[in-house]
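Visitor: Protein chains in written order, with the working numbering: chain A, 58 to 520; chain B, 58 to 520; chain C, 58 to 520; chain D, 58 to 520.
Treat the hints as calculated values from the structure; they're not laboratory data. Among the clues, some could well be false.
One copy or two, either will do: identical chains are not told apart, so a pair holds if it fits within one copy or between any two.
[Claimed, not checked] Straight-line Cα separation of at most 25 Å, DSS-like style, residue types lysine-lysine; simulated pairs:
no., residue 1, residue 2
1, K410, K364
2, K364, K160
3, K399, K207
4, K235, K220
5, K303, K160
6, K364, K376
Number of protein chains: 4
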Amino acid sequence: MHEECGVFGVYDLDGGDVSGTIYYGLMSLQHRGQESAGIAVSDTNGEKCKVRFFKDMGLVNEVFTQENMSNLRGDIGVGHVRYSTAGASSRENAGPLTINYVKGTLALSHNGNLTNADELREHLSLTGAIFQTTIDSEVIAYLIARERLKTGSVEEAVSLAMKELKGAYSLVIMSPRKLIGARDPYGFRPLVLGKKKNAYIFASETCALDMAGAEYIRDVEPGEIVTVTQDGQILSDRSGCIEKKKQGHCIFEYIYFARPDSTLDGISVYDARMKAGAFLYEDSPVEADIVAGVPESGNIAALGFSKRSGIPYSQVLFKNSYVGRTFIKPAQTEREMGVTVKLGALKHAVEGKRVVLIDDSIVRGTTSFKIVKMLKDAGAREVHMRVSSPPFLWPCFFGTDVPGRKELIAFNRSLEEIRNIVGADTLAYLKENRLSELVDGRLSICEGCFTGKYPEEVKGFEC
Amino acid sequence: MHEECGVFGVYDLDGGDVSGTIYYGLMSLQHRGQESAGIAVSDTNGEKCKVRFFKDMGLVNEVFTQENMSNLRGDIGVGHVRYSTAGASSRENAGPLTINYVKGTLALSHNGNLTNADELREHLSLTGAIFQTTIDSEVIAYLIARERLKTGSVEEAVSLAMKELKGAYSLVIMSPRKLIGARDPYGFRPLVLGKKKNAYIFASETCALDMAGAEYIRDVEPGEIVTVTQDGQILSDRSGCIEKKKQGHCIFEYIYFARPDSTLDGISVYDARMKAGAFLYEDSPVEADIVAGVPESGNIAALGFSKRSGIPYSQVLFKNSYVGRTFIKPAQTEREMGVTVKLGALKHAVEGKRVVLIDDSIVRGTTSFKIVKMLKDAGAREVHMRVSSPPFLWPCFFGTDVPGRKELIAFNRSLEEIRNIVGADTLAYLKENRLSELVDGRLSICEGCFTGKYPEEVKGFEC
Amino acid sequence: MHEECGVFGVYDLDGGDVSGTIYYGLMSLQHRGQESAGIAVSDTNGEKCKVRFFKDMGLVNEVFTQENMSNLRGDIGVGHVRYSTAGASSRENAGPLTINYVKGTLALSHNGNLTNADELREHLSLTGAIFQTTIDSEVIAYLIARERLKTGSVEEAVSLAMKELKGAYSLVIMSPRKLIGARDPYGFRPLVLGKKKNAYIFASETCALDMAGAEYIRDVEPGEIVTVTQDGQILSDRSGCIEKKKQGHCIFEYIYFARPDSTLDGISVYDARMKAGAFLYEDSPVEADIVAGVPESGNIAALGFSKRSGIPYSQVLFKNSYVGRTFIKPAQTEREMGVTVKLGALKHAVEGKRVVLIDDSIVRGTTSFKIVKMLKDAGAREVHMRVSSPPFLWPCFFGTDVPGRKELIAFNRSLEEIRNIVGADTLAYLKENRLSELVDGRLSICEGCFTGKYPEEVKGFEC
Amino acid sequence: MHEECGVFGVYDLDGGDVSGTIYYGLMSLQHRGQESAGIAVSDTNGEKCKVRFFKDMGLVNEVFTQENMSNLRGDIGVGHVRYSTAGASSRENAGPLTINYVKGTLALSHNGNLTNADELREHLSLTGAIFQTTIDSEVIAYLIARERLKTGSVEEAVSLAMKELKGAYSLVIMSPRKLIGARDPYGFRPLVLGKKKNAYIFASETCALDMAGAEYIRDVEPGEIVTVTQDGQILSDRSGCIEKKKQGHCIFEYIYFARPDSTLDGISVYDARMKAGAFLYEDSPVEADIVAGVPESGNIAALGFSKRSGIPYSQVLFKNSYVGRTFIKPAQTEREMGVTVKLGALKHAVEGKRVVLIDDSIVRGTTSFKIVKMLKDAGAREVHMRVSSPPFLWPCFFGTDVPGRKELIAFNRSLEEIRNIVGADTLAYLKENRLSELVDGRLSICEGCFTGKYPEEVKGFEC
């Protein structure tokens, strides 16, 4: 399961260089996309259309060097980290997208997924547009450029463009002298606003503000456009907002994507996961000696389970943090090494024990099978699997890379069948009705990947 | 002095894979651009809009590997080698440009320089266009995409687009099922058509046809659009052609840019250089013991001088062919090492001799100074420098990277002053009136960089 | 604090290729050395002296590629991962060391540190030896080569060589048809023997056996030489063993170096850490709301503390696992970013809480200061630091890279002074008398870095 | 045909940094070895045993960067470029070899090939030596280290060691405070001494002195040891010299290996090649329209042929200097592209002409075949091949990489058979009796690869 992007933007009204802040900000958002990274900066007091940027495939610390960073000086800038399924040649698709248009330069970072991108591309093509990438950012940039011809400001152009967009988008846009943060009306993906001295920051998550040493101001509201101007004004355009109860905050951000030290739309990710663990015990209790998480994403729910149940929390797996993202797999016959390369069972922690094992989700089930087997081989008497989300059953149209239905273990299988495949003694998922409780019922959520019900109509889709 | 690009395209009507042919073709055109290289291919019998491409900074043999070539399979494709002055981040500007537009996909390789690119960009911007690069190819692609909406075929769109273009362009364009070669009305840059079995090839020079084992058919005419269709027709649209005597074939292609084993617009580059050498003797004779060229570009003119004068040809400099394009220069105090790293004087060839030294051009004069000094230090009694082109005095607007006037040694200096700086005993340039004789008077040439007279009016320029 | 090496060796008596097994084994030992990695293999049925090897700076997954692994085929081999303080040019020092000598080829992997290497080098020099590296392996190889001249077998030569060695060494040696594991008499560094089908494996830790799918047979005893012969015999030479109570197993292996899923000399690393946590509570109790570890090395001791004290275990820091070993630090003024790049405080977990924070050690104190501050900034009411080892006060001569005394925070400072620097509300270390309890008193340990008392006399050192 | 090495050493008695001089020197010797390059430097006024070095696979400009050069500061140093047939893992074999021994440090660069290396290795092994490389330098270093124990100076140790060496060696050796140049008694490989201000330089060829801006002093004599001491003495030990007429200067250095701007042992390489061309005409005249060389190594002999015969010199092939050493060969069916990628025929120069084509040698004949065919295809009426060396028939034991006899086109074939394979109209080689004339009979030469007669007896070889 992959998130598609993290976005970051900063405008230092005091004129300080922002490239370092973007660099650190992207590092803290790296969990949102590990395929490519990019930074674009500009000098608002310098040449109007001079944007310097660098982007490439790889992690932030792989892409940026002393050398290429030294060319990235400016007091305004945006950054992007991206995940995609395309291969090496998708370097073209790395963000942020930087364009020249009638009013100078725009750089744009996008998190989310448009549901009408194809229609928009076709429509634009019919008026002579050409496309050099396959990313939504290009469509959005086109619309803004076109609307800009009719309006007096870039933020109005963004507003007009947003009326044509469907689907999920959290945007950070740099124009020659303005920094803009905007979010789709449903609020699928998060976007926060912060401040450090006289510098304003937009970021996907609050952890990026903490990293930058900035204070959190507020979340950009779903449907809102926030514009930071050169004279220090923070303009808000809420004309695109819809009723709060129609919004659709992605619940999986809280369950898995976001960093647990982030707070999104007023809800702590940590709290949500603690609750998920507690609910799992309440709804599917079990007698056991210890409770543990699949590192590292299952740990907090495991702590919540432990706290609620009184069953001691333990660590049962060792995670090899030196294994990089990519490594060769020499022996064909040892194909299943994949999981054991990254994990080792703490035999002395599990021997003879009844273990509750918490994971954030089960997608295909292969990893869960291996981990359960590893614990049993290490001497666990029983392994009770608890999953801090409901089963995945439907596609996500809004920025998450869910495999096809046929690859999903829960598709067309009973709970007992899944339990049998995974090899656990018992198995339980988070109940669907618990999802909105994770955010205290304070947010309207999108839970489409679990239930098939999406806040926005998706053309041609029927649950 | 740098050429800006080399272009190549091939369509195998028998369906064979063309990527290898493009690779070899680009190697043979490497002298036309050493900064970046790219290949885009498509399968005319496969998915309509599926173009595979790879491009990066570097020489052809640096950019392409077994791995990335293995992804480039197709029966139609274009390639590009490019020179530019921009830095590492100009990866975005590497060719060929590949776009999606209303009718599918276009890939475009361009050699030359538009003189109205800025106006076209501005005009396009005013209708909502966005630009992601700073290369002319993007402007051309836009125009084609727009014109395509109004016409029934891509070649008609190319024809309409060409009516808006000013300046120099030799184009090779791949549409889903057609390969197109086109040339500006003045014919500044070369473009030839060849055939190998049932595969048609466009290339900047005939040497690329030889490399591919293809036979030369003819040159694309200035102003002509040649279209190779899926059913094997070779369509010619000459509506853009102008009077032959108004054309402006770049004479410096013959003097320096093109490979001596190429024949362009019916004129052998080798012959032109032999003639330049002969003219140098006829117009500026000198008594000497040997005549030699500055390797390697001066060698053929030196042979021509030798043949005409009867003075024996010799080799006086050793060229270190192992020195790459880039190397560090450890000692600041040895800055002048630059030329001696690449060249060594053949003392025993020059000792006590009166040497006629032929170079193709003198730009800033620093290299010439060093070489003359090297020969004198090696014992040459006299060094008579002969230059197989007139002095550079004016800018080129049509695809050659001439330094600013103030850097040109000939600007505001008498012949005697130049001779004195270079340190030669005598110095003579090719006479301007000889330029058209290099091509037997059979072609109308552009000699603007020498005389300031350009075949096409250049906005705001006055000689 | 850095370990210096991990060693691995395997001999498949059935003739299967062992390179993949070594690769995976080294991955599981990566925590013991991250600077360089190497593999040497041989074919016992092929050419006698043909050893294939590859080694380079970097992590295992960085050093080895499909391409260089494809050259490493053999049924016997050794591997090495190494940490060193030297720079890029220390590629020469990467292991394993491969030599040719009178009886063919030897490849040697070494973990530990000789205390008489300089004397041995000098002595060897005086008989004409030359040295190409600065690693102990070279000295050991020389001694073996010399002793081999006097004896009938390589294992006897190893035995004779060991009589001259002082200090710490766990060795895995590959001769043309034997695989040898050996350990210094004190047993400073671990070495285990395992078996998978008909393949015998030596490795620094049992986690490497688990990774390989091999079963644990036993530890190589301190002072013992174990030889696996071509006909499947497992020879043991215990002539170098000393009294068990004189041994000196490095206690820091249990506290920090080794993986918690390993069992060394019969003692589970996990158990030792759980005990350390329990002892910390018993000896230095404190009232608190939660107990947490500094990820990831402090986590198990924290679980032990929690279990013994009844104070709930929690997670208070988020570790950014995407941050690589190296990254640039753009802004000079944000030097202190180092720790926050890798860690984030889970505000909602600590807000208003009294936190017991467990770390495995405090070296210079700078990281501890930052983490305590981060927790306080996140709202922790109190931070009580507990360290699962005594203060570092003395050098290690046996293979651990302890900084100089003046850099150690505990040197010449009272506990209160340290507490004040770190910023914690209370601070306590593991008591020295608890060290041997970590291993149940079943092993004689080396605790020199804490107490200055070493099992083997170190020339010129006085506590 | 490959040379095996180039050597360079410099000692600046004024204390200036020599790393840049070595770098440039190695660039000028790059033609002698293109597989690896290395530099080792030391500070004679600094720490006695501190040698800094860097070496790696690749060309000089590929191996050395600003970064690694910045670590190479010293007033004494040696450099090495190497050719070998081994693969990537031969990084261990790159020169110079740097060792620690009883008297500190030695760095050693070697050009040539020992004929008794195996015996010496065996003998050394029997006294306990270990070997980490397969290069002769290691054997030589061992012998020097051993002899050093018995004598009062490093140069005496070199002298004693040389008594044990058989075969070809030109050595440059750096001890902590001396720079030594030495040459085997036969003088197979060249070595010259030069001076620049107060810095003394040893180099394989004079072109490296020219590059360094140094003046030529003299050649190191065959069998001589020249020592530059810290107080500026130039010591000469000629005890190893033999009668001049027994010497064996490699004649192929003059014909092919050395740069034509070098003078070796008093004989200009340029002159030797001019003579070879003249002899070819005298001994094997032919009527023709033009004479040309296979670029670039055949050019000077072609000039000699032209001068002697009066047949005009011409250029008939274009060499693509942008093609790197390595490039992929996409299409299997275009395997024969190899030569045409690098060369193009100048059709207009050869059309209808009778061409004399001069090459320095024919090894397997495949390249010659392709070139002759290329010229014929380009319209040459006749192609008369003249080779400026006799046919290769025997192995070289002294530092040249000649293929096995069965791969040599001249082995067991008549001249007519070879001519037929190559496809030339006539074919002639340089006569064996002309070889010594190339050096005016002033040097005793080794012509073993042509005649099987070697100046030094080679064990087990019979002509």
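Visitor: Next step is simple, just say for each hint if it's right about the structure.
Guide: Evaluated hints:
no., hint, result
1, K410 - K364, "both (19 Å within a copy, 15 Å between copies)"
2, K364 - K160, "neither (57 Å within a copy, 61 Å between copies)"
3, K399 - K207, "neither (55 Å within a copy, 46 Å between copies)"
4, K235 - K220, "within (21 Å within a copy, 38 Å between copies)"
5, K303 - K160, "neither (35 Å within a copy, 39 Å between copies)"
6, K364 - K376, "both (23 Å within a copy, 22 Å between copies)"
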